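**Student:** For the sequence shown, the UniProt record's numbering assigns the number 1 to the initial residue and increments by one for each residue that follows.
Wrong hints could be hidden among the right ones.
Below, computed lysine-lysine pairings styled on DSBU-like, alpha-carbon distance capped at 35 Å [claimed, not checked]: (1) 265 x 87; (2) 53 x 38; (3) 270 x 297; (4) 256 x 38; (5) 270 x 81; (6) 33 x 303; (7) 223 x 202; (8) 202 x 38; (9) 50 x 202; (10) 223 x 179; (11) 223 x 87; (12) 53 x 81; (13) 33 x 81; (14) 33 x 202; (15) 143 x 87.
What follows is a list of derived Cβ distance ranges for each label pair [said to hold, decoys possible]: (16) 93 x 254: 39 to 47 Å; (17) 106 x 286: 19 to 27 Å; (18) 178 x 254: 30 to 38 Å; (19) 302 x 197: 41 to 49 Å; (20) 48 x 109: 38 to 46 Å; (21) 224 x 258: 22 to 30 Å; (22) 156 x 103: 57 to 65 Å.
Treat the hints as calculated values from the structure; they're not laboratory data.
Just so we're clear, the structure is a prediction, and the values are computed from it rather than from any experiment.
Where is the CB? At the ideal position from N, CA and C, for every residue including glycine.
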Amino acid sequence: MIQVKTMLLSLWLLAATLLAGAQTYRPILGWPKAVNEKLESFLNSTIIIKERKVAVFDCDGTLLGQAPYYLADEAIYSFAKEQYAGKKDSLSTAKMRIIDTMLHGDNTGLAYVQNRISFLSGLSPAQVERMGEDCFHARYEDKFYPEMRELLANLEAYGFEVWVISASPEVLYQQFVHKALGIPLNRILGVKSVVQFNRITKDIVLPVPQEQGKADLIATVIKAQPLFAAGNSRGDMEMIDASVGLKMIVNPDDQKVEKNGFTVKGYWEKQGGIAVYCNDVPQHNYPYVTQEWGIPKNKTNRKN
Numbered sequence: 001m002i003q004v005k006t007m008l009l010s011l012w013l014l015a016a017t018l019l020a021g022a023q024t025y026r027p028i029l030g031w032p033k034a035v036n037e038k039l040e041s042f043l044n045s046t047i048i049i050k051e052r053k054v055a056v057f058d059c060d061g062t063l064l065g066q067a068p069y070y071l072a073d074e075a076i077y078s079f080a081k082e083q084y085a086g087k088k089d090s091l092s093t094a095k096m097r098i099i100d101t102m103l104h105g106d107n108t109g110l111a112y113v114q115n116r117i118s119f120l121s122g123l124s125p126a127q128v129e130r131m132g133e134d135c136f137h138a139r140y141e142d143k144f145y146p147e148m149r150e151l152l153a154n155l156e157a158y159g160f161e162v163w164v165i166s167a168s169p170e171v172l173y174q175q176f177v178h179k180a181l182g183i184p185l186n187r188i189l190g191v192k193s194v195v196q197f198n199r200i201t202k203d204i205v206l207p208v209p210q211e212q213g214k215a216d217l218i219a220t221v222i223k224a225q226p227l228f229a230a231g232n233s234r235g236d237m238e239m240i241d242a243s244v245g246l247k248m249i250v251n252p253d254d255q256k257v258e259k260n261g262f263t264v265k266g267y268w269e270k271q272g273g274i275a276v277y278c279n280d281v282p283q284h285n286y287p288y289v290t291q292e293w294g295i296p297k298n299k300t301n302r303k304n
């Protein structure tokens with residue numbers, strides 16, 4: 001009997017040791033001591049929580065660098081150049097009309113989101129997945145921020161469900177994000193289109209994950225209030241505000257005054273958010289179709 005009790009006690013101590021080890025914060029290289037201390041304090045405060053612990057992230061500019069150009073745009077423009085540019089058949093002409101609208105319109109509004117999906121319509125999900133993966137491996141493999149990889153590992157060690165909510169086409173991003181970061185496919189959310197007979201259609205499934213739509217998607221799909229949220233732009237504000245715990249802003253802009261009267265950096269400082277910085281600069285002097293077709297470069301964020 002004594003041996004059984006001793007064995008049970010040993011097993012309990014082993015389990016406790018493993019649990020403690022699993023929930024030990026690992027400082028993130030390249031971020032200041034104050035940031036690491038705040039993250040460690042927050043994560044340790046969640047150990048006692050038994051309910052679902054959800055963390056939500058934007059993708060472009062938050063997890064994945066977007067300088068000099070967005071991956072979604074480069075993937076679509078590269079495919080258009082290869083498959084449709086210069087051809088006179090009706091399909092190619094129609095697709096290039098969409099591209100022309102994208103090149104000469106606002107690239108942040110709902111109409112732009114719809115144009116992306118309209119361009120992809122008629123392709124199979126597998127074709128679009130391959131389009132995203134090909135572009136990622138050609139030009140963006142080094143663009144996931146190492147600091148964010150370390151943050152994701154910490155969150156997972158503390159028992160968080162990690163979700164990605166992007167305004168880019170869902171099927172374009174799911175595979176390469178899943179393979180690069182290990183996040184389950186069903187937790188990588190984006191602009192979702194209706195698929196019929198194994199073909200993408202022009203119809204978008206609501207809510208559209210842009211501004212308030214990101215917060216609505218949390219309520220619709222995730223069905224739990226996040227304890228942690230991270231984004232990088234005005235378009236992520238409502239999603240970050242949905243967090244009842246820690247709010248993080250990555251490479252926040254401190255120049256443009258938004259509709260609320262603050263810069264992005266100023267707003268989150270007022271809200272008690274944590275600002276972090278990751279190196280987002282053009283790499284390897286790659287040729288970009290986005291550049292060839294005259295799209296201005298995204299802002300560079302060189303980490304000091």
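**Student:** Does each hint fit the structure? Answer for all of them.
**Tutor:** Structure-based check of each hint:
Restraint check for residue 265 and residue 87: the C-alpha separation of about 46 Å exceeds 35 Å, so the hint is violated. Distance hint between residue 53 and residue 38 is fulfilled; the C-alpha atoms sit about 18 Å from each other, no more than 35 Å. The hinted pair formed by residue 270 and residue 297 meets the criterion: a straight-line CA distance of about 30 Å does not exceed 35 Å. Distance hint between residue 256 and residue 38 is fulfilled; the C-alpha atoms sit about 27 Å from each other, no more than 35 Å.
Note on residue 270 and residue 81: the hinted pairing is violated, with a Cα-Cα distance of about 45 Å set against a maximum of 35 Å. Between residue 33 and residue 303 the alpha-carbon distance is near 16 Å, which keeps this suggested pair within the 35 Å criterion. Restraint check for residue 223 and residue 202: the C-alpha separation of about 27 Å stays at or below 35 Å, so the hint holds. As the CA atoms of residue 202 and residue 38 are separated by approximately 44 Å, the hinted pair breaks the 35 Å bound.
With a C-alpha separation of about 41 Å, the suggested pair residue 50 and residue 202 falls outside the 35 Å cut-off, and the hint is violated. Restraint check for residue 223 and residue 179: satisfied, since their Cα atoms lie roughly 25 Å apart, inside the 35 Å limit. Of the pairs offered as hints, the one joining residue 223 and residue 87 is violated, with about 46 Å between alpha carbons and a cut-off of 35 Å exceeded. For the given pair, residue 53 sits about 43 Å from residue 81 by alpha-carbon distance, which is inconsistent with the 35 Å threshold.
Taken as a hint, the residue 33 and residue 81 pair is broken in the structure, with Cα atoms around 47 Å apart against an allowance of 35 Å. Of the pairs offered as hints, the one joining residue 33 and residue 202 is violated, with about 48 Å between alpha carbons and a cut-off of 35 Å exceeded. For the hint pairing residue 143 with residue 87, the CA-to-CA distance comes to about 33 Å; that is within 35 Å, so the pair holds. At about 44 Å, the CB distance of residue 93 to residue 254 agrees with the hint of 39 to 47 Å.
For residue 106 paired with residue 286, a C-beta distance near 26 Å keeps the hint of 19 to 27 Å intact. The given range of 30 to 38 Å is respected by residue 178 and residue 254, whose C-beta atoms sit roughly 33 Å from each other. Between residue 302 and residue 197 the beta carbon distance is about 47 Å. The supplied range of 41 to 49 Å therefore holds. For the pair residue 48 and residue 109, the beta carbons lie near 43 Å from each other, so the given range of 38 to 46 Å is met.
A beta carbon spacing of about 28 Å between residue 224 and residue 258 agrees with the range 22 to 30 Å that was offered as a hint. Between residue 156 and residue 103, the C-beta spacing of about 40 Å breaks the proposed range 57 to 65 Å.
Consistency with the previously given hints fails for numbers 1, 5, 8, 9, 11, 12, 13, 14 and 22, ordered from lowest to highest.
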